[in-house]
Amino acid sequence: MTPRTFDATVADWLREGPESGPRHGLDRALAAARRVEQRPAWVFPRRYLPRPLAELELRNPAPVSAAAVLVLLLLLLLALAIAVGGARPRARLPFVPVADRPIAFQEGPAIFVARLDGSERHKISGDVAYAISPLFSPDGTRVAFLAPSNPGETGGRLLVAAFDGSTPLVEASRGLSVVRGQVPSVSWSPDGTRLAFAASSGGVSRIFVAAGIGGDVVPITDDTANADLPTWSPDGTVIAFRVTDLDGVHRHLRIVQPDGTALETINDMISADASFSKPRFAPDSGPLAYAVNYGFGTRTRAIIDARFTHTAEMWTDGIGGFPDAGVPFSPDGKYLAFITATDGVMVADDQESTPAAGLPGAGQYTGQLRRLGKVADCWIEWVPDGKALYGGSPDGCAGIVVIPLDDPTAARRLPTATSGFASWQLLLPPPNLP
Amino acid sequence: MRPELVARAQSGDREAFDALAAALYDPLYAVGRRILRDGHAAEDAVQEALIRAWRDLRSLREPERFEAWMHRLLVRACYDQARRRRPLEIRISPIDAGRSDPSDDIAVVANRDELERAFLKLSVEQRAVLVLTHYAGMPAADVGHALGIPVGTVHSRLHYAIRTMRTALANASPDDLAVREFGR
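Protein chains in written order, with our numbering: chain A, 1 to 434; chain B, 1001 to 1184.
For the record, the hints were derived by calculation from the structure and aren't laboratory data. Predicted model only: the values in this text are computed from it and were never measured. All residues carry an ideal CB built from backbone N, CA and C; glycine is no exception. Treat the hints loosely; a few may be bogus.
[Stated by the list, open to error] Simulated DEER-style distance windows between Cβ atoms:
hint	chain 1	residue 1	chain 2	residue 2	range
1	B	Ala-1023	A	Glu-313	25 to 35 Å
2	B	Thr-1153	A	Asp-27	30 to 40 Å
3	A	Gln-182	B	Ala-1023	41 to 51 Å
4	B	Thr-1153	A	Ala-11	19 to 29 Å
5	B	Ala-1007	A	Ala-11	27 to 37 Å
So here's chain B without its partners, still in its complex pose:
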């Protein structure tokens, strides 16, 4: 991200900010969509992050870290969205398939459903760590910066997130189909 563009936006240049926002909108949306598992909520979160970015842009001391800062704002907006939205019970149609054969398309779909359900059992903070690490490919130090937590906490959250998902998958039964879309 061009620091001079950030500097211009910091001085109140809305066109510069629009250019920054346009360049980052899709990556931010993709991250938000994966944390929240909902397109509309992700749109709202990105919008909130962009509004906060414009409002507080002058507080950013290092323009070269604009992108990491935007991720921090986005994750915070995702936290807000997750807490704001009422937990919604949804039901997913059961797919009766053997889970042992990965070459079976139906089994793959079933695995995706199970992964989705297991992922939604995580706290939104754990989801954020997983998405930034395994989807955005950010190193632990950058994830820590984006989330405002120490690197050690990043590792521990990752550990517990993976363990929670594995436990959820191990205990999944065909009747266990009601999941929460948002929140813990």
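Same shape as in the complex, but just chain A:
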């Protein structure tokens, strides 16, 4: 076979075989591409200059004039002088329409309520030696918080205070030691009359419901597995929570009615290093969202679970901050927020989660992801009007930041010296603080 003949033989052989790919391959590729955002075109500015201009610039670098440099320096000095000496006081968080609603936060060993600008700040944890993790009731009249006996304690009492500090503290946990994890294991009922919480009982963490603040406390899970991170559904019909069997390997996400009946499993995993986060309900009490790690060294994902039909993975590249904090829905249910391991805060829309054809239980997330950047750490929650997020500050969560969605670069740290979790008052008209 001559070389020419051999080339032709190879060409003929290469022309054999399929000329087209399977249709599902294109669909799959397009669906995968839809989960990705385009990179901006301004990463390497020179590449995006019109070619003649770029070439001109390369061939004939402009001579740098000493006078131009001097003028530039003078302008910089002038700008610096204005910034330092003549700046007007900053406006009070003008981008947050609900800025007049109070926020509950931890400062030092106590819980305070104040307006966002730090004004009208007052302590509500009384003479409790150490208080953490405040949580406003949905009706905005009370704040629940944990009171470990000391900062190293793994559990504590669950106390309830009036948001204005006008009434004595009430212990909702009735002597039980409420679990103090990475994330608070406490949830208000939607009407604000009951609390679900995880507490240690006989060495096992169980879910309890306090029927009326200061009233009876009833367990709604048994002692065959550790249960924590309860979340009351917005319609009040069920409580979702996570379960770890006593073998430490079998893990579940479950829902149960507030009286402990009708227990159902949402998701299961079997791995010593697997994990579920706190489940978060959509406002219509339908889908749940949570972070999940399938174990075996895989990365934590953020998923929407349509409950018994399908799940869809919004993000598969690792969850940052406190993974147990989960993936909260916006108040209108259209968006979800989470902190990624690599890309900072992410907002995902929940418009296009659909079951994937032919794959029972598997869904396809085709919504949009929006990167807000590394503007928060540890935890993230929605401001009540859904137009901003608030969370731990990116400097190790030593404070609280508020991040407007329409301009994340305008994220601002609240002037309160806080740590741990905070909670924004939700529903009431702006109250009169003492």
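Given the coordinates of chain A, work out where chain B should sit on it, guided by the hints.
Just chain B, lined up with the frame of chain A:
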């Protein structure tokens, strides 16, 4: 490929990008399938190329060169696939046939098997040059652009690829049936 469609996709129009992807999917798959010699790997490579294309589309300065750019992304994805997938030893059933008579159908099949084995002895970079040149019919300059290598390197890779295949075929024995599906 219509540059205005590319421009629309660059401005974030997903429907425009879908149209571009639909038009190019089959040709890209065919090239990927021939470089990797595996349908599933080719699907993955095309998917990866399309994802990268959407992600980095705004970095494309010349929309009229979209197709060549897509081939570059595809070949890179093929390289990744070839390196990612564990080399897999497969065995091909021997066909006892005289190789001298091209009119003999069995001999043709045997020649195909031998060509397949010889092709799989090439590096994935050499396979890419062969496929783009002899299957896609691209001139050396376009192959060089697609692979990000000078034209001289295209010619040398072609030369060594053909020589390697010829040597492999010349040395092929009926016992030499274990071949590597991916990688070098």
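Hint by hint, here is what the structure shows:
| no. | hint | result |
| --- | --- | --- |
| 1 | B:Ala-1023 / A:Glu-313: 25 to 35 Å | 29 Å, holds |
| 2 | B:Thr-1153 / A:Asp-27: 30 to 40 Å | 37 Å, holds |
| 3 | A:Gln-182 / B:Ala-1023: 41 to 51 Å | 49 Å, holds |
| 4 | B:Thr-1153 / A:Ala-11: 19 to 29 Å | 21 Å, holds |
| 5 | B:Ala-1007 / A:Ala-11: 27 to 37 Å | 35 Å, holds |
In this structure, every one of the numbered hints holds.
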